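Trainee: Listed below are the residues making up each chain.
Protein chains: 2
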Amino acid sequence: MSGERTPRRDDGERRFLDAYDPGAYAPAAVTVDVVALTIRAGVPHVLLMRRSARPQLGWWALPGGFVRAQDGPDGPADPDLPDAALRVLSEKTPLPTELHLEQLGTYGALDRDPRMRVISVAYVLLAPDLPDPETDADQAAWIPWSALGHGDGGDRGGRAEIDLAFDHARIVADAVERARSKLEYTALATAFLPPEFTITALREVYEAVWGRPLHGANFHRKILATPGFVEDTGRLAERGGPGGGRRARLYRPGGAAFLHPPLLRGAQSSPAG
Amino acid sequence: MSGERTPRRDDGERRFLDAYDPGAYAPAAVTVDVVALTIRAGVPHVLLMRRSARPQLGWWALPGGFVRAQDGPDGPADPDLPDAALRVLSEKTPLPTELHLEQLGTYGALDRDPRMRVISVAYVLLAPDLPDPETDADQAAWIPWSALGHGDGGDRGGRAEIDLAFDHARIVADAVERARSKLEYTALATAFLPPEFTITALREVYEAVWGRPLHGANFHRKILATPGFVEDTGRLAERGGPGGGRRARLYRPGGAAFLHPPLLRGAQSSPAG
DNA sequence: AAGAGAAAAACTCACTTTGAGAACAACTGG
DNA sequence: CCAGTTGTTCTCAAAGTGAGTTTTTCTCTT
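So the sequence lines, in the order shown, correspond to chains A and B.
Count along the first sequence from 1, add 1353, and you get the number used in the working numbering.
Count along the second sequence from 1, add 1353, and you get the number used in the working numbering.
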């Protein structure tokens, strides 16, 4: 059992905490930045905002803001970092009901913000096609990855057309790589889709994120052979394709979080020779 | 090209920065905690320290400390977070020349430290068998994972004998899971070994971290078939096993960071039937 | 020096998974 | 009804994996 070598909190502890002065340390500003990813018409996009304040006024940047460490005039403290990420993002764009949020990493280089030492905790949000942000008109927009230099799967030679503020280009690059590799080992691709979807729609998510075509028949076989990835609803899509075609079966996400075995991007290749 | 929609820094920017007051935000304390992992005699260990200050005086905890946001009386500012992690750890134990350091995640729940809002950036450090910390005698020690409830590969039913301070048990659990999954997809196992090693030593790393035996012959075949995992030195180990046995070939880490295809823990199974 | 036992490395074989393409089924639009 | 399109199933060769056996080369003992 526990407890023998691990003392419990006692009166001395309580007295210490009452007398503690939280001002006696070198502080830093802590922010959260959110890399919101979605897929629109088969093309992966990231949500960016034009900075409306200095520094780097007018540059494209990730939505973000300061973590509320304590209760204050702006509102109550953020209970945890994911709460801060969702709060900050919801202040800029409406949030979908279904979403996946995960921590990406924390960036804290001395010179990453010219104002002061800023430690930024970055989050990745995956969501089905979201409405255009209605707040602030063209101050926020969904930008295709390709405009940031992440066009193809290997990021080979892609040059960015848009420069981002601070070190946000690096953060977006890390988020894109995170999404690409997570699709290999987890069932996360369904986070980009509505509650019910076809295998073809699922394949198009993989193709969009990885930036290359997959073999439809093999993909189909693999998905159905992976336990817990998808679950058959028993129903069919309303219509076939616009130019004809069989109606596709509808699936919903299965319970599995991880894929065993994984769906490797290095292995599966294009149908075109 | 860039620049058309992205204004460059101008005089207004410079004037803004000169007038900026860094005190006008709600601060939080930022710390780094390091989960140092190594393998001693086939058993994975983590470096823990007994807290010598309140709160939770006397409890086992991860080595850590405050990030130096700016230059101050204690020393110069940490240029980046990894620098802070290495500085903090080197203050408590000698560092090896070869090591792997990667960010694990950031923990910032409101109540994780009773003193104040503390945002902690956790790092994982993998290193070959390190000497015992000589500073402070029994204030720091290498503790086997099993004492923390991470004995077997699946963490099924393992109960911790040692409770950790704050949320450090959770951080260690995340680090252990990170190490276990990284061994599947990367060549990181060599970070636990000296510059030259045998395939058997490499297999023992996997067995220690995953907590289960692997099939030696298949492991051998798989390692040699994975391009860039290891590189033959052409030399042999000094001696065979203590009770006889062929001398093993010596390898060094290959250039590859990722394994294609991966070495899955779910797939490979024990030789005993 | 010879032989028993031990460890590393190579080999065998059945089974599974994968890549590539062909075939079949079910639909749309004319 | 027909041509074209899309979803689904099937086939087959190649590659990879799990399990066990065999061969090689050591150490230790007698």
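Think of the hints as simulated: they come from the structure by calculation, not from any bench.
Quick caveat: nothing in here was measured; it's all calculated off a predicted structure.
Virtual Cβ for every residue (Gly too), placed ideally from N, Cα, C.
A few of these clues could be false.
[As the list claims (entries may be wrong)] The calculated lysine to aspartate or glutamate pairs, modelled on DMTMM-like cross-linking and capped at a C-alpha distance of 25 Å, are: (1) A:LYS1535 with B:ASP1527; (2) B:LYS1445 with B:GLU1455; (3) B:LYS1445 with B:ASP1505; (4) A:LYS1575 with A:ASP1585; (5) B:LYS1575 with B:ASP1505; (6) B:LYS1575 with A:GLU1537; (7) B:LYS1535 with B:ASP1466; (8) B:LYS1535 with B:ASP1464; (9) B:LYS1445 with B:GLU1557; (10) A:LYS1535 with A:ASP1520; (11) B:LYS1535 with B:GLU1557; (12) A:LYS1535 with A:ASP1505; (13) A:LYS1535 with B:GLU1530; (14) A:LYS1445 with A:ASP1485; (15) B:LYS1575 with B:ASP1585; (16) A:LYS1535 with A:GLU1584; (17) B:LYS1535 with B:ASP1433; (18) A:LYS1445 with A:ASP1482; (19) B:LYS1535 with A:ASP1466; (20) A:LYS1575 with A:ASP1520; (21) B:LYS1535 with B:GLU1591; (22) A:LYS1575 with B:GLU1537; (23) A:LYS1445 with A:ASP1466; (24) A:LYS1535 with B:GLU1584; (25) B:LYS1535 with A:GLU1455; (26) B:LYS1535 with A:ASP1585; (27) B:LYS1575 with B:GLU1530; (28) A:LYS1535 with B:ASP1482; (29) B:LYS1445 with B:ASP1433; (30) B:LYS1535 with A:ASP1527.
[As the list claims (entries may be wrong)] Across the chosen pairs, the derived CB separations fall in these ranges: (31) A:PRO1447 with B:HIS1613: 35 to 45 Å; (32) A:PRO1447 with B:ASP1585: 56 to 66 Å; (33) B:ALA1494 with A:ARG1602: 49 to 59 Å; (34) A:THR1450 with B:PRO1614: 46 to 56 Å; (35) A:PRO1432 with B:ALA1500: 29 to 39 Å.
[Said to hold, decoys possible] Covered by chain A, according to a simulated footprint, are these stretches of chain B (three or more residues, beta-carbon under 8 Å): (36) 1416–1425; (37) 1559–1566; (38) 1604–1615.
Trainee: So which of those numbered hints doesn't the model satisfy?
Mentor: 3, 7, 8, 9, 19, 20, 21, 24, 26, 28, 34 and 37
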